[in-house]
Amino acid sequence: MGDRAWLIAATFGYLISSAWGAYALGASRPIATRWNNVLIFVSFLCHSMFLHQRGQATGHCPIGNLFETVAFFSWSLALTYLVIGSTFRMSILGAFTAPLVFLLNFFALVAPVDVPHPLLHMAWQTELHASLTVLGFGMLGIAALAGVMYLMQERQLKRRALTHWFYDLPAMGRLEIVHRRVLIWAFFLFSIGLLAGFFVPQTRAGDEIKIAWSAAVWILYACLLLAPRFIPLSHKKVAWASVAGYVFVLLTFWGVNSLSNSHRFNSGLSTAADYSTGPQK
Amino acid sequence: MSVQLVCGGITFEAAPVELRERIAFLPAQLPVALPAIKTTLGLGEAVLVSTCNRVEYFGATAEPEQAVKSWPLFLRQFHELERQFEIPSFHLEGRDCVSHLYEVASGLKSMVVGETEVLGQLKNAYQTAQQHGATGKWLNRLFQSSFAAAKEVRTRTGITRGNVSVASVAVGLAEKIFGQLEQCRILIIGAGDTSEKTLRALQNCGAQCVIMANRTYDRAADLAGKFGGRAVSWDDWEKEAVAVDIIISSTSAPHYMLTLDKVRALLRQRSGKPLFLIDLAVPRDFEPAINQLDDVYLYDLDDLQSIAQTHLHERQTAIVQSQELLKPHITRFCSWAEREHEALRLASLGANRFSA
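Protein chains in written order, with our numbering: chain A, 1 to 281; chain B, 1001 to 1356.
Since the hints were made in silico from the structure, they are not lab data. Some hints here could point you the wrong way.
Claimed, not checked - Cross-link-like lysine-lysine pairs, in silico, DSS-like; alpha carbons within 25 Å at most: (1) A:Lys158 with A:Lys210; (2) B:Lys1137 with B:Lys1123; (3) B:Lys1262 with A:Lys158; (4) B:Lys1151 with A:Lys237; (5) B:Lys1197 with A:Lys158; (6) B:Lys1273 with A:Lys158; (7) B:Lys1327 with B:Lys1109; (8) A:Lys236 with B:Lys1273; (9) A:Lys237 with B:Lys1262; (10) B:Lys1327 with B:Lys1151; (11) B:Lys1327 with B:Lys1137; (12) B:Lys1262 with A:Lys236.
What the hints assert, rightly or not - Beta-carbon label-pair distances, calculated as ranges: (13) A:Leu195 with B:Asp1235: 27 to 33 Å; (14) B:Pro1027 with A:Phe12: 53 to 59 Å; (15) B:Val1282 with A:Arg29: 35 to 41 Å; (16) B:Leu1349 with A:Ala27: 45 to 51 Å; (17) A:Phe248 with B:Arg1215: 38 to 44 Å; (18) A:Ser86 with B:Arg1022: 42 to 48 Å; (19) A:Tyr23 with B:Glu1342: 39 to 45 Å; (20) A:Gly26 with B:Lys1123: 31 to 37 Å; (21) A:Gly26 with B:Trp1336: 51 to 57 Å; (22) B:Leu1081 with A:Thr163: 48 to 54 Å; (23) B:Thr1155 with A:Phe199: 27 to 33 Å; (24) A:Ser28 with B:Lys1226: 46 to 52 Å; (25) A:Phe12 with B:Val1017: 55 to 61 Å.
Bear in mind the structure is a predicted one, so any value in this text is a computation, not a measurement. C-beta atoms are modelled at their ideal positions from N, C-alpha and C, and glycine is treated no differently.
Construct the entire structure; sequences and hints are all you get.
Dropping the structure here:
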């Protein structure tokens, strides 16, 4: 079975789960059925198989082109959901995560972004930097989804227009806790990833925009975490900032990387700069 | 003669509370009542259900007519009622009896449609009967399948969704805002019947820390004693409001007790914690504009009543959907019962031939 087939199988599983989630939310039926949980888990295993096979083929963490990076990124979203959903008994998060993971994978599969890239050795610092930041982005995505659920309820509560969604979603108090905790963990991983970037040998000229963008994202999330400690900041504002920040990341990630010599995806030698920094196999 | 499932009794629909309270069975009386009802009504198996809204029996018998005739007699004897005491009972047999139990278990026949308490009461009644050897294969199967059917109705329809009283709506909203109520601090301003009910409902859901303020300090102290809280003087309630999560107000003040500016000042000292304001007073105690502020959720009596009414209406509309869901369960049980009857009939024929 080719590696893309594993990803296609996983994407199909996420699609079914998304369709079920949409139906269950619309019809006010319980989303967290056993078969849906099993389906997401099996899809995640297929997703992992894809990354494993691609990693074996390329000899490093599969983030060599935009296709692999998007698939790794969506995998980190699914992983975070599985951990958070089971830890906080918040399976309904799956109804929001599965569609996002499906859309990302679908884009990766249909867009011409799986450009072959040379089998070069990737320095461990580069691998650490890239994988941790992408994992961090995945977790920030889950935090943003928790923020969306919080804001949906907050809006209904304020307008005194309570639909069945209000009763089906987890309590705002619980969502607030999950949101803050996931933000902390995501920020921690993202920070370590960025820190590892400083140790990547021979960063090329032309990365200033990417560095500035990363710094801006880091500062945004740092403020989100620290500001409520110093000023009376409502959680509604924190949730909005988390969602808006994440939309900004999603919309600008590809564009900013295109402007960076060592993060570019579109040439087929996307991370060639990173690769060339280590000894070639 | 084949065994028939029968049920009967009185419910809130036909009997006022004055009557229901006279024929209700205390849990301690059931071990005595169960053998008595079996003997008097000629039942092979029996379960006796006694709640605030209904006193009913379920049984398996070869002589349903005897059960119908003897039910009033059993009640009169057991509760030592006067002969002229009229008991407006209903009686059902076969599929109607099965259907009735399934609907009762699902909350479709409750005074507050969709309430879930009745399922627990049925389970207790069944368990008691089972422990005292009053049930057999017919009632065991009937009750167990009714619990499964009720569970499906609860999960697949909106019959139990939402709260239908002002107090329970307020508690439901508080639980959604704070997640858990154990750590919530509640401030009660003024003493009113609805605010007491709301406070009691909040405490039932885990809320512990209660602060009472009333223009008459003694009244606040009385209430504080009743609810295990702390009374504060009228002049201090605004200071206490800084650290609480829920404020329930029901004063008779002609002006707003909390204004937009006051709450703004409060929020500056609260480090972003949400504040749930429940205004049960008429005229209102909290300025409506307060609801515009982030992290403040203001609900007055009309808001809460409107939500309760909406839930009640939704539950009413879910009855038909629930009945449709119950149909396959009822059919499945009745098919099983027919197969059992057929098996018993064949076994009896075989035994007759053997003895002949």
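Item to check | Hint check against the structure, violated hint numbers in rising order | outcome: 1, 4, 13, 17, 18, 21, 23 and 24
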